[in-house]
Amino acid sequence: MDKFLAMGGYAVYVWPAYAAFFVVFAADLIATAARRRRVLKELRARIARQSARRSP
Amino acid sequence: MNVHSSPTLWNRLVLWYHQMGSPPYFYAFAGRWRPWFIAATLITAAIGLYGGLLLAPPDYQQGDAYRIIFIHVPCAWMSLFTYAFMAGCGLVGLVWRVKLAEILAMEAAPIGAAFTFVTLVTGSLWGKPMWGAWWTWDARLTSELVLLFLYLGVIGLYHAFEDTRQGARAAAFLALIGVVNLPIVHYSVVWWNTLHQGTTVQLFGPSRITWSMLWPLLTMALSTHLYLGWSLLGRARVALLELEGGKDWARAIALKEASRG
Amino acid sequence: MSAPSARTGYVTILRRDLLLAWRRRGEAAFPVLYALIVATLFPFALGPEGALLARIAAGVVLVTVLLAMLLALDGLFRPDVEDGSLEQLLLAPQPLGLLLAAKILAHWLTTALPLLLASPLLAAMLHLPVAVLPVLLVALALATPLMSLLGALVVALTVGTRRSGMLLALMLLPLMVPVVIFAAGAVSAAQQGLPFIAPLAWLGAALVLALVLAPAACAAALRIALDA
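Residue numbers (the numbering used here), protein chains in the order written: chain A, 1 to 56; chain B, 57 to 317; chain C, 318 to 545.
It is possible that some hints are incorrect.
Computed cross-link-like contacts, SDA-like style, restricted to lysine to any residue with a CA-CA straight-line distance of at most 20 Å [claimed, not checked]:
(1) B/155 to C/543
(2) B/155 to B/75
(3) B/312 to A/44
(4) B/303 to B/87
(5) B/303 to B/75
(6) B/155 to B/74
(7) B/155 to B/140
(8) B/303 to A/48
(9) A/3 to B/114
(10) B/312 to A/50
(11) B/303 to A/15
(12) B/155 to B/87
(13) A/3 to A/15
(14) B/184 to A/16
(15) B/303 to B/140
(16) B/303 to A/42
(17) B/184 to A/37
(18) A/3 to B/105
(19) B/303 to A/45
(20) B/184 to A/8
(21) A/3 to A/16
(22) A/3 to B/185
(23) B/303 to A/37
What the hints contain is simulated information worked out from the structure, not anything from laboratory work.
Just need the whole structure built from these sequences, with the hints factored in.
Below, the structure is given as structure tokens:
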């Protein structure tokens with residue numbers, strides 16, 4: 001296991017590369033999920049406003 | 057020819073094309089397919105990374121540092137593939153004014169920028185032990201940097217417009233200009249490199265890559281393609297809700313998602 | 318009543334833009350002044366040794382001219398959008414590409430030409446060998462119209478947006494990379510005593526291609542950006 005983590009002495013380069021890979025794509029997915037929540041929330045607020053105006 | 061001789065298949069294809077152009081239909085379609093893309097991405101990534109990090113032997117010259125190849129090269133391929141996809145969708149959007157094509161083009165741009173960014177970061181981390189420098193003005197890296205600027209320009213132009221669809225059309229046009237420009241940039245950078253006899257150490261020359269290294273690389277390439285599907289379908293769904301917020305189908309979904317919690 | 322010919326339209330636009338530029342002729346000095354300031358700063362940053370400056374002179378002049386043109390590029394369509402005359406151009410019966418070509422030519426004459434005339438001064442300030450100066454001037458004479466044409470294409474796309482200088486630079490950079498490489502490559506080849514005709518020929522070929530294609534592409538971009 002230690003040998004695997006050491007990457008033949010290149011751990012300083014290999015693991016940050018893999019970390020960047022995963023962090024960037026995780027950020028992409030999280031940003032999309034957050035945007036989805038925000039859009040749905042705004043949409044529901046809009047519906048609530050419009051129905052409130054229609055039936056005061 | 058074959059297609060015309062069997063009108064039912066042709067009709068079905070035309071029908072499918074038109075159905076796909078309809079936002080509620082595509083929304084449901086993307087929702088059905090997305091879980092499969094997620095599963096396939098994760099499985100292929102697990103297999104590819106296991107093969108690349110554990111099974112593949114160290115390189116006789118680069119030791120274990122070469123293992124960055126399993127993410128660097130698939131991302132580099134995907135940065136170009138995503139650009140081609142974006143430009144193709146942009147062309148369809150510009151010529152036939154298909155709303156969905158515009159959305160797919162614009163939602164593909166940030167994913168492509170992410171692939172390009174990862175390519176640059178991993179390339180830099182690979183270059184440091186191999187070239188002794190974080191950055192060299194090698195033709196491939198330089199073209200990749202220009203590609204990142206192209207993506208950022210497309211994204212920036214898209215967001216500079218008040219009107220989303222107008223922004224999408226302008227940005228799609230910019231993406232198409234980039235298609236013409238990118239090969240010119242690449243060949244001019246290659247020429248520039250030969251003019252200034254710099255440090256042109258090839259990361260991988262014509263070396264024969266062994267099968268035990270090749271199959272994890274190809275699996276990771278497949279995985280990144282599937283990831284494009286995963287991310288793109290999710291992004292397109294949100295963008296459709298955003299754009300079609302005034303329509304009944306989007307409202308129905310907003311209310312349904314609320315009741316689900 | 319028949320519409321005036323395309324040629325008349327072209328000449329009218331060219332004359333109008335030149336007249337407008339002449340009315341505000343003080344502004345034509347701004348890009349030159351900017352280039353002068355940038356070129357002055359380089360020796361302060363790098364030290365006054367002649368050999369070092371001579372080595373980088375051509376590149377500095379090229380990049381400086383490019384940046385100065387970028388600064389002026391925003392003014393290509395902006396006033397016409399604000400006073401509504403661009404909408405008139407879009408509706409004109411003459412081919413839009415041709416009218417835009419006239420505007421681009423007028424813009425090149427009023428912004429790039431002064432820079433071109435000032436470039437020997439910039440080159441002298443940076444100790445560029447006199448023998449190389451003609452090559453630099455030819456390279457600039459080929460590169461600046463290319464920059465104007467490609468710049469117009471990009472500016473046309475941003476016409477419908479809020480003021481955005483940074484975005485313009487970001488969009489223009491990928492298009493400028495080959496132009497800068499070939500123009501600077503020609504001068505540095507000449508400086509090293511190597512043949513320099515090939516990069517100049519490539520620039521010329523690109524210019525001819527851009528002269529034919531860019532105005533039409535610019536027209537298409539303008540129609541998209543204004544949703545006409």
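Violations among the numbered hints, reported as their numbers in ascending order: The structure conflicts with hints 11, 15 and 17, although it agrees with all the remaining ones.
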